[in-house]
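Visitor: Produce the entire structure from the sequences given, and follow the hints as far as they go.
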Amino acid sequence: MDRFRMIFQYFQSSSESVMNGICGLLALASVKMYTSFDFSCPCLPQYNMAYGLGIMFIPPIILFLCGLILNRQSLVMLEEWRRPPGCRKKDLAVIRYMCSSIMQRAMVAPVIWIIVTLLDGKCLICAFSGSMNPEKFGGFANVSTVQVQQLLAKVPCKDDELLRNSTSRKAVSRYLRCWSQALGWSILLILIIAAFLARWLRPCFNQATLLQARHWSNYIDIEQKIFEETCCEHSRLFAHKCILHFFESMRQEIKLHSFSLPREGEGDEGEEDPLRGITDQDKVNKLLETWFYEKPPLDVS
Amino acid sequence: MDKFRMIFQFFQSNQESFMNGICGIMALASTQMYSAFDFNCPCLPHYNLAYGLGILLVPPFILFLLGFVLNNNISMLAEEWRRPQGQRGKDPAVLRYMFCSMAQRAMIAPAVWVSVTLLDGKCITCAFCTSVPVESLGNASHPRLSQGDIQRVLARIPCREIYNGQQLIANEVAVRYLRCISQALGWSFVLLMTTLAFLVRLLRPCFSQAAFLKSRYWSHYIDIERKLFDETCAEHARSFAKVCIQQFFQGMSTDLVAARCHLPRKAPADAGEAAEKLLGITDQGTMNMALKSWHRCKPPLHLHQPALPTGNGWVGEGEPPTHPSAPRRETAAYYSWV
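These protein sequences, in sequence, are chains X and H.
Everything in the first sequence is counted per our numbering, starting at 1 for the first residue and increasing by one.
Everything in the second sequence is counted per our numbering, starting at 1001 for the first residue and increasing by one.
By construction, these hints were calculated from the structure, which means they are not laboratory data.
Source: prediction; values computed, not measured.
For glycine and all other residues, C-beta sits at the position ideal for the given N, C-alpha and C.
Treat the hints loosely; a few may be bogus.
[Unchecked claim] Facing chain H, a subset of chain X residues (Cβ under 10 Å, in silico):
1. GLY54
2. ILE58
3. GLU79
4. ASP91
5. LEU92
6. PHE238
7. ASP273
8. LEU288
9. TYR293
10. PRO297
Guide: Structure representation (C-alpha cells):
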C-alpha cells in the first residue's frame, strides 16, 4: 500500500514538474540557438526587412509549436475535448484550465527568443536600417535616393568596404540598437508585471472553481497514465498465458502423435515441469516452426 | 507480483524512452558529424552543384536508413508482416502503426542534418553560386566577359583565397545574398517540419482515437509476447541443457563403474549435498575421461528417463528409450543404488 502511495505521489508531482522542466529546457535551448545562429544580414534593400523580421518571428513560432508538441498534457486535453460524453459529462472549465496552462508554458521560449533578439539588436538594425531618415544623420548628403537606400541597407554590415569607417553608419547603428534595447526591456517589464498580477490577483477571483479545475485536470492526467500502465500489465499477462497455452498444446499434440500409454510418472503433473514435455531437438524445432507458421489465436479463455 | 509489475512497467516505458534516447543521440550525432565534417567546395562550374546538393541530401538518406537499422522493432515489424496467418488474423492497422512510429523516429536525424546545413549556408553557397543575379547585385562597370568565363568566376565565390571577380561582383555581397537565401530556406524547412509534427501529433486525438488505442495495445502486445517467448525458450533451453548434462555425467559414471567391474559401492549414508554434486565422478582419471568424452562425443539432443542399472551395471549411453517422455526431476535420477 505504501509503495502505491509513493508511486501516486510521484505521478502527482511528476506531471507538473516534468512540464516545468521541459519549459525550462526549451527556454535554454532558445537562448543557445540564438547564440549559435550565425546572423548574417543580406545588406540589400529589398531583403533586409524580410530577413530581420523573419529571424525575429519565425523561430518563436517554431518554439511555440515545439512547446505544444513536447507537452504531454496537450494530448490529454485534446482527448478530453474530443471524447464522446458517454457516461461521464465533460467539464469545459477543466478543459479551459488545461488549455491555459499549456499555452502559458508554451509561450515562455518564444518570448525569451524575442526578448533576446531585441536586447541584442542585430535583427532590428538589419530590418529597419533602410527605413531611416537619411537627413537625421549627416554623411548621406549629395547622394541620390537610390544610392542612399543602398547605403542605408549596408549599415548592418560592419565590414562592407563602402561604410567601414563611416561615422554615419555607426550613428544609425547605435540609434537602432538603442530603440531595440528599449523595446526589449519594456516588453520584459510588461510581461513580468502581467505575470505578477495574474499570479497574485488570481486567488481573489473564482478560487473554488480554480481548485476544482486543477484537481480534475490532474485526475484526468493520472487516470490516463494508470490506464496505460494497466494495459501494459494486462498485455504482459495475456502474453504469458498465451505462451503457456501454446506450450501445453504442443505437449498435447506430441503425446497424441507418439501414442504413448500414460506412464506413472505423468500422473503427478501437478509438479512443475520446466521442460513442459519438450525433450529433444526435433520437438524443439517443431515448436519453433509452429510458433512461426501458426501463432496461437488471441484467446486464453 | 508487484516486482514483476514494476519490472514490466519499466520495460514498457523503457522501450519507448530507450527509442527516444537513440533518436536524440542520433540527432546530436548528426550535428556533431556536420561540424566535424570538413566542407570543401570544389569551386568549379559543374562540380559545385553536385557537391553542394550531394552533401545536403546524401547524409540524411544514410541517417534515415541508420535510424531504421538501429531500431530493434524493425525485425518485429518484418516478422509480423511476413508471418503466415495461421490461427491468428493479421491486422494491417497494427502494422501501419508500427511502421509510422518507426519512420517518425528515423526522420529526426535527417531533418536535423538538413536544417543545420541550410542554416549554416555553406552547401547552398557552394551549389548555387553560379546562379547569383549579377545584373542586380554586380558592379555596374564590370568588364564584358563570355558566359563561360562568368560561370568560372562565379564558381569561385565560395573560395575566397582564389576569387578573382571583385570587379564583376563583390565576394561579400554574393556570399551574404546566398547565405540569406539559405537561412530563409532553413528556417522555412524547420517551420514546415514542426508544423507537420504538430498536426500529426495533435490532430490524431480528433480522429480515430479508438482505432489508435487498439493499434497501440496490440503492437505493445506483439513486442511483449515476443520477449516473453524468447525468455521462455531460454528457460527451457537452460533446463534442457541441465538435464542433458546431468544425464551425460550419470552415463559416464555408470559406464566407468561397469568397465572397472566394481561392485556398486553403497554411497555413505551421510553423503551430503557436496557428494551428490560430484555426480559419481570422484577421481582425476574419471574426470579426464568425462571431459574427453564431452569433447569427442557430445550426447544427442534427446533426454531420456534414466533406467535403473541392469544386472551387470551397464547402461547404454545415449540410447533412446522406446517412448519419449517428460524427464523425471533431476534429483531423483542419481544414486539410486539400493
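Visitor: Each hint: holds or not?
Guide: Structure-based check of all given hints:
Given the 10 Å rule on beta carbons, the hint for X/GLY54 holds: about 7 Å separates it from the nearest Cβ of chain H. At a threshold of 10 Å, the smallest CB-CB gap from X/ILE58 to chain H is about 5 Å, leaving the interface hint in force. Taking 10 Å as the C-beta contact cut-off toward chain H, the hint placing X/GLU79 at the interface holds, the least distance being around 4 Å. With its C-beta approaching chain H no nearer than about 18 Å, X/ASP91 sits outside the 10 Å limit, and its interface hint is violated.
About 17 Å separates the beta-carbon of X/LEU92 from the nearest beta-carbon of chain H, more than 10 Å, and the hint is not met. For the restraint placing X/PHE238 at the interface with chain H, the shortest Cβ-Cβ distance is roughly 7 Å, inside the 10 Å limit, so the hint holds. Of the supplied interface hints, the one on X/ASP273 holds, with its beta-carbon coming within about 6 Å of a beta-carbon of chain H, less than 10 Å. For X/LEU288, the suggested interface contact is upheld, since its CB lies about 8 Å from the closest CB of chain H, less than 10 Å.
Taking 10 Å as the C-beta cut-off, the interface hint given for X/TYR293 holds, the closest approach to chain H being about 5 Å. At about 4 Å, the closest approach between the beta carbon of X/PRO297 and any beta carbon in chain H falls short of 10 Å, and the interface hint on this residue holds.
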